[in-house]
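Given the coordinates of chain A, work out where chain B should sit on it, guided by the hints.
Each chain, written out:
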Amino acid sequence: DTAVSQTPKYLVTQMGNDKSIKCEQNLGHDTMYWYKQDSKKFLKIMFSYNNKELIINETVPNRFSPKSPDKAHLNLHINSLELGDSAVYFCASSLASGATYEQYFGPGTRLTVT
Amino acid sequence: GQQVMQIPQYQHVQEGEDFTTYCNSSTTLSNIQWYKQRPGGHPVFLIQLVKSGEVKKQKRLTFQFGEAKKNSSLHITATQTTDVGTYFCAGRVDYKLSFGAGTTVTVRA
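Protein chains in written order, with our numbering: chain A, 2 to 115; chain B, 5 to 113.
So that you can see chain A by itself, here it is in the shape it has in the complex:
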């Protein structure tokens, strides 16, 4: 039983396209996150939702728009994809917000923009 799942696992697309990544957690957690991991493995938080409410919105281009239909789901839509968007995107969840709880990461979505 996968705790945090993401689809798709791989995404190859051309510059200018729009794409979405979906995430679901079955842990009953209140808080979900999107992280971007670049080629140097640096993990940077992009967004966080607590019970469907956006609580962290880092300096991310507004081409990136998260959406949380319910507390078990967090999706990421990216408009007008650019070469620099190529990275691995991880969804994660934790029991609650505040960075005091362990985070459970999904398997990641490797996005390649050509």
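Rather than coming from a laboratory, the hints here were simulated on the basis of the structure. Keep in mind the model is a prediction, meaning the values are calculated, not measured. Think of the CB as a built atom: it goes at the ideal place given N, C-alpha and C, for glycine as much as any other residue. Errors might be hidden in some of the hints.
[As the list claims (entries may be wrong)] No farther apart than 30 Å at their CA atoms in a straight line, the calculated lysine-lysine pairs in the DSBU-like style are these: (1) A/K68 - A/K37; (2) B/K60 - A/K42; (3) B/K61 - A/K42; (4) B/K40 - A/K53.
[What the hints assert, rightly or not] Non-contacting residues of chain B with respect to chain A, defined by C-beta distances greater than 12 Å in every case (computed): (5) I11; (6) T24; (7) S30; (8) K61; (9) R64; (10) N75; (11) A82.
Just chain B now, with coordinates in the frame of chain A:
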């Protein structure tokens, strides 16, 4: 900018040897977490430290939180090939986890 620094960036270890990776912050941290990411995998939580001077052990892994709560270390004894991966520390900064750049460990058999 990056608020949690981690060194070294790479660690090449002979199987059976020990090594340590270090995590430093310019500000006092309320807690520090450690994660391990295997090649091609996702970060997996290892442990959380919250008390000044705290030491926790998990088999061959020893985690420490500094007295001033500004630094932490992970020491692995008798390294095995299963220890290969990237180890991240993460500290709570402004109510969110700030990850260090990671130490990528390779093991020579």
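How the hints compare with the structure:
no.: 1; hint: A/K68 - A/K37; in the structure: 16 Å, holds
no.: 2; hint: B/K60 - A/K42; in the structure: 26 Å, holds
no.: 3; hint: B/K61 - A/K42; in the structure: 26 Å, holds
no.: 4; hint: B/K40 - A/K53; in the structure: 28 Å, holds
no.: 5; hint: I11; in the structure: 14 Å, holds
no.: 6; hint: T24; in the structure: 19 Å, holds
no.: 7; hint: S30; in the structure: 17 Å, holds
no.: 8; hint: K61; in the structure: 18 Å, holds
no.: 9; hint: R64; in the structure: 21 Å, holds
no.: 10; hint: N75; in the structure: 18 Å, holds
no.: 11; hint: A82; in the structure: 25 Å, holds
In terms of the numbered hints stated before, the structure departs from none.
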